[in-house]
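S.K.: With the sequences and hints as input, model every part of the structure.
Take a look at the letters that make up each chain.
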Amino acid sequence: MGFVSDLLPHLVNGVSLGLLFALIALGFMLILGVMEVINLAHGSLFALGAYLALTLLASKPGPVAANFAWFTALPLGTRYALALVVAPLLVGFFGMVIELCLRRTYGKDPLYGLLFTFGAALVIEELIRVVWGTRDYVLPLPPAISGSLVVEGLIYGKYRFFAAGFALTMIALLWLFIERTPYGSIIKAGAHDSEIVRALGINLSRLRLFVFALGAGLAGIAGIVMAPIWGIRPHVGVDAVVPAFLIIVLGGVGSFWGAVLASVLVGLAVGLTGAYASEWSLLSMYLLLIAVVTFRARGLFGKKSVLEA
Amino acid sequence: MSKTFSRRRVLKGAAIGAGFAFFGPFRHISYAQGKKPIKLGLTCDASGQYGDSGQDDLRGIVMAIDEFNAKGGVLGRKVIYVTQDTETTPATGSRVAERFITREECGFLIGALSSGVANAVSQVAQKYGCIYLNSNSSSPTEAGKDCHRTKFVWDGNGTNFSKATVKNAVSSLGKNWLLLTNDYVWGINTSKATRAEIESSGGKVIDELMVPQNTRDFTSYMLKIQQAKPDVVAAAIGGDDIKALRQQVAQFKLENKPAWINNQQDWPDVWGQGAASLFGVFGTTWYHKLKLPGVDDFVRRYQARWKDAPIPVPGNVSYNGYMCTRELLSAIGRAGSTNNIAVIKQLEQLKVSAADRMQHYGAYMNPSTHHLQQTIYMARRNDKPVDNTDLFEIVSWTKPEDALDAREDDMACKLETYESTPTYEL
Chain A
31 MGFVSDLLPH LVNGVSLGLL FALIALGFML ILGVMEVINL AHGSLFALGA
81 YLALTLLASK PGPVAANFAW FTALPLGTRY ALALVVAPLL VGFFGMVIEL
131 CLRRTYGKDP LYGLLFTFGA ALVIEELIRV VWGTRDYVLP LPPAISGSLV
181 VEGLIYGKYR FFAAGFALTM IALLWLFIER TPYGSIIKAG AHDSEIVRAL
231 GINLSRLRLF VFALGAGLAG IAGIVMAPIW GIRPHVGVDA VVPAFLIIVL
281 GGVGSFWGAV LASVLVGLAV GLTGAYASEW SLLSMYLLLI AVVTFRARGL
331 FGKKSVLEA
Chain B
1339 MSKTFSRRRV LKGAAIGAGF AFFGPFRHIS YAQGKKPIKL GLTCDASGQY
1389 GDSGQDDLRG IVMAIDEFNA KGGVLGRKVI YVTQDTETTP ATGSRVAERF
1439 ITREECGFLI GALSSGVANA VSQVAQKYGC IYLNSNSSSP TEAGKDCHRT
1489 KFVWDGNGTN FSKATVKNAV SSLGKNWLLL TNDYVWGINT SKATRAEIES
1539 SGGKVIDELM VPQNTRDFTS YMLKIQQAKP DVVAAAIGGD DIKALRQQVA
1589 QFKLENKPAW INNQQDWPDV WGQGAASLFG VFGTTWYHKL KLPGVDDFVR
1639 RYQARWKDAP IPVPGNVSYN GYMCTRELLS AIGRAGSTNN IAVIKQLEQL
1689 KVSAADRMQH YGAYMNPSTH HLQQTIYMAR RNDKPVDNTD LFEIVSWTKP
1739 EDALDAREDD MACKLETYES TPTYEL
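Protein chains in written order, with my numbering: chain A, 31 to 339; chain B, 1339 to 1764.
It is possible that some hints are incorrect.
Ranges of calculated distance between the beta carbons of each label pair, as one might list FRET restraints [said to hold, decoys possible]:
#, chain 1, residue 1, chain 2, residue 2, range
1, A, Gly149, B, Arg1441, 25 to 35 Å
2, B, Ala1429, A, Val323, 43 to 53 Å
3, B, Glu1443, A, Val323, 45 to 55 Å
4, B, Pro1723, A, Ala111, 52 to 62 Å
5, A, Leu130, B, Gly1410, 33 to 43 Å
6, A, Arg159, B, Asp1725, 21 to 31 Å
7, B, Gln1565, A, Pro170, 26 to 36 Å
8, A, Gly149, B, Val1724, 37 to 47 Å
9, B, Asp1728, A, Asp139, 55 to 65 Å
Worth flagging that the hints you see were computed from the coordinates, not collected in a lab.
Quick caveat: nothing in here was measured; it's all calculated off a predicted structure.
C-beta atoms are modelled at their ideal positions from N, C-alpha and C, and glycine is treated no differently.
M.R.: Here it is, written out as structure tokens:
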């Protein structure tokens, strides 16, 4: 097998992994970029999304099966599609509750917000343990997106391609929403100068509530999409929040395309080292961060600080 | 009708209550008056890579403590315990061990899943002469170069499992092997033992892929495995990593070609994901459906003690926790004191019958390594389960002598002398 044909599967894998990282980081980026809050509860909201989807999809008797027999009678594919909508909405509601509690920290030392979201993460994780227990779960998948396919003699998981495609779609939709709708313009304006936005008569509190709910919902979607790959366990969110934070710093805080590019670079670094220097695969993302931040402290697409002028 | 609580009424009620409590249909446990309880420090992970397994270990240990206390304790003294999360982190393990010994005045430490944590705890324990039972970590180094006079290792180690599988697998499955190794002390040393067995059996290791702890995406590894085309993949992956790997191998439908040998599968790592993602041949030291005397009764006692446990039946991890605690408390009883050297000598002479072990063969403590030599089982997915806990089909069991870890020079255990080990009696 030639070098290129040997390398190509790992490049494809790296890009797809990068898209999944981008999906994980989207909600985190939105909340940090618009509200300047480092949402450490992002991982727990990610896990909550997976658990809520699991409840909706569980074939065994449970609260859904008991009260919504018509729902459990639907084909798995339909229920999966509905879970991708309903579970993030519920997570978004949780996000709203967090934002309402978080308001007391606005205008104070950012450390308060950080500590609050850290506390919220612990509360949500314990809530998951209480409701669903500590055991692991597997999210059932519709047959159409599970199983494997063979390309050039190599077996790939079908779901991996579905997840990467879904991530790409979510990235595109979020970009369209922020860049091509009046709501997106208000969000961007709120991030740029909240005082002017308020002076224009826009309800800033409602805007923040909406943004936090959207960010939380995106975390929930990422949790559902990643569940068949990472599994579902109460502390699975820890696996999400670390790369999300790293990607935002690498891409530059507040930069949408910076985060996407950083995600793909991290995916490629992890994927390629996994194949050719496997002991470095997890470390590679941190090395990449060090390399970039050493030469460009504000990240790939971060805005220039007034101190650098 | 008005109800008043007069002094006389309260006293009468209290007397009746006390009389009922004393003469009623309850068991009375009497501990020798004024005797200080025997305190154990349980160094069990509650978070991190081995959080679930650590808590399973804890359930087995606590069950044994409860059973001894129900029979009057040890030497007429109640057995009490403290536990703290060691976080699957060696530094935390050291800190917890230090605290348990110096502040909590624990006479004995029990509990381990991660070999890194076990090694860290055992170094602190040896410094104070405190007996430490490594209940569940299975790096060959634990009873090899990292052995200590105060440490006793209860789980089968990587070498035991390799010896039980590799020779037959090289002749039946193929000569070209690929090692998939968790990049920490247990994985590295287990793969090292597997490599030695493969090469001495006429096989060849064509590649070794190191898997950092906390790896969640195994796609690049699975692509690499397909490109390397081995006959057999020998995986030494544990904790949350093996859960993710199993799920993804099942998605890729790679479970049959190549053949997989998973060195050891801990029950908490298997439970929850179900049989669908259970593949290959793997090792274990115990299974709750072994057709042996005492097994069913043990399962019933466990279920009565842990009604709300996340795993409804005991597995190898809780079994090891239970067994080592039981043997420690029995050894204290036989020694007639909590003097550490006396208890160490009792444990070094330990021989347990097959019936008491609920295994196919008797077990014995190797006095020169402090490693319990026991029956090693090989299992695979059970395609004809009798209930939803019946995930394994036990395919073979190997005598302790046949799975014995014969040490290489660089792995040699050198126990500290009795004289150089601090002595204490609590």
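S.K.: Could you work out which earlier hints the structure fails to respect and list their numbers in ascending sequence?
M.R.: Checked against the structure, the hints that fail are numbers 2, 4 and 5, while the rest are satisfied.
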